[in-house]
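Below are the chains, spelled out letter by letter.
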Amino acid sequence: QKEVEQDPGPLSVPEGAVVSLNCTYSNSAFQYFMWYRQYSRKGPELLMYTYSSGNKEDGRFTAQVDKSSKYISLFIRDSQPSDSATYLCAMSVPSYSGAGSYQLTFGKGTKLSVIP
Amino acid sequence: KAGVTQTPRYLIKTRGQQVTLSCSPISGHRSVSWYQQTPGQGLQFLFEYFSETQRNKGNFPGRFSGRQFSNSRSEMNVSTLELGDSALYLCASSKGQGAYEQFFGPGTRLTVL
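Residue numbers (the numbering used here), protein chains in the order written: chain B, 1 to 116; chain F, 117 to 229.
Extracted from the complex, chain F is given alone in its bound form (with noise of 0.2 Å):
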């Protein structure tokens, strides 16, 4: 069974551009969380869909937006990006019924210069 996949891997940007993240889940799960790693504050939860519905928000600004298809896949965008932004950004999948079984993707390096 394929893993969870993010496109693309790694991404420079500059201050003030937009950014949009691709992730594809486990066929079957039907929840997709994303994430955003930095080696100060760690992983930090973002926002969780589910059917294609927001289920559950993170306390991070209105910047960071994102939607799921009727096919699962998921994507986030963050707008007006600033320094502070460059993170590794994580997509983990789920069958939906609970959060503890979470399947991690490899994540996108975002670098924001």
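Next comes chain B alone, as it looks inside the complex (with noise of 0.2 Å):
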């Protein structure tokens, strides 16, 4: 079983639509909860991130994450067309060496699209 799951979709919905993206993770170490968004021949972009269980409110994006369960989300009101990209979930364990060091995990993304 990876450390990361993430369901690499694609998904397709109509502009305006609410998208649901989610991930689900084994390792109980990870503290730190993040969301990338990729554009094509692009390097990810930090969208969000999280620490606690709870939401987290940005604009027309809420991350939500569910320690308990391990399970993070990742929702965006209002769809818009730009909003098409490649999703990453990722997060952050203490590494071996400590001194404050952090090592990022990766879901492997879910591919959104939203139509016009």
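Just so you know, the hints here were simulated from the structure itself, not pulled from any lab data. The beta-carbon is built from N, C-alpha and C at its ideal position, and this holds for glycine as well. Be aware that a few hints might be false.
[Claimed, not checked] Have a look at the derived ranges for each label pair, beta carbon to beta carbon:
id: 1; chain 1: B; residue 1: Ser68; chain 2: F; residue 2: Gln133; range: 44 to 54 Å
id: 2; chain 1: F; residue 1: Phe185; chain 2: B; residue 2: Arg60; range: 37 to 47 Å
id: 3; chain 1: F; residue 1: Pro124; chain 2: B; residue 2: Tyr39; range: 12 to 22 Å
id: 4; chain 1: F; residue 1: Ile128; chain 2: B; residue 2: Ser53; range: 41 to 51 Å
id: 5; chain 1: F; residue 1: Ser195; chain 2: B; residue 2: Glu3; range: 23 to 33 Å
id: 6; chain 1: F; residue 1: Gly132; chain 2: B; residue 2: Lys56; range: 29 to 39 Å
id: 7; chain 1: F; residue 1: Leu127; chain 2: B; residue 2: Ser40; range: 16 to 26 Å
id: 8; chain 1: F; residue 1: Leu199; chain 2: B; residue 2: Lys42; range: 18 to 28 Å
id: 9; chain 1: F; residue 1: Ser195; chain 2: B; residue 2: Val18; range: 41 to 51 Å
id: 10; chain 1: B; residue 1: Ser53; chain 2: F; residue 2: Gly132; range: 31 to 41 Å
id: 11; chain 1: B; residue 1: Ser40; chain 2: F; residue 2: Arg131; range: 25 to 35 Å
Hints given; two lone chains; assemble the complex.
Structure, rendered in structure tokens:
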């Protein structure tokens, strides 16, 4: 079992729909949870990060973490064609070397298309 | 503020050759991490450097190496290239106190023939 599981999609929705993207994980040591957006031929762009269980909202985006279920979600409200991209979840755990160093583990990404 | 820059953007090499990729972090960022991205494996962590020291290393063979300079710029080197090394190599920088805020460059697309 991989440490982070993410449905690769593709996911296709009409403009204006609410999009739900999800990841599950197995490592209880994960402390920070992030969502990145990656457009074609670009590097990933950090959208949001959370530390504790609960919700965090930023504009049309809401990140949700449920540590007891080892499950994180990203909701996109009023989706736009410009939201069409691959969304990657990522989680960090302190590395073996300590010294404030963390290592990111990524899901494989979900490809989202928002149809006008 | 300028973002993370990576050079070159595209590279074509043949098996057995070696390659060096370069990354310039965001000004003020002291930590640089490298990742390999492929369609099959996704984003995989290679290594992290902070203040010219490798702090963390992923599960890659010794053919993959890196270094960081005093100005925080970083290079990664892949020796004896294999076909399976074809990938997008991404560099990310952070201030260094936690990996949760990592900012990625556009990547170097390496093709090994």
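Right, here's what the structure says about each hint:
no.	hint	in the structure
1	B/Ser68 - F/Gln133: 44 to 54 Å	50 Å, holds
2	F/Phe185 - B/Arg60: 37 to 47 Å	40 Å, holds
3	F/Pro124 - B/Tyr39: 12 to 22 Å	20 Å, holds
4	F/Ile128 - B/Ser53: 41 to 51 Å	47 Å, holds
5	F/Ser195 - B/Glu3: 23 to 33 Å	29 Å, holds
6	F/Gly132 - B/Lys56: 29 to 39 Å	48 Å, violated
7	F/Leu127 - B/Ser40: 16 to 26 Å	19 Å, holds
8	F/Leu199 - B/Lys42: 18 to 28 Å	25 Å, holds
9	F/Ser195 - B/Val18: 41 to 51 Å	48 Å, holds
10	B/Ser53 - F/Gly132: 31 to 41 Å	50 Å, violated
11	B/Ser40 - F/Arg131: 25 to 35 Å	28 Å, holds
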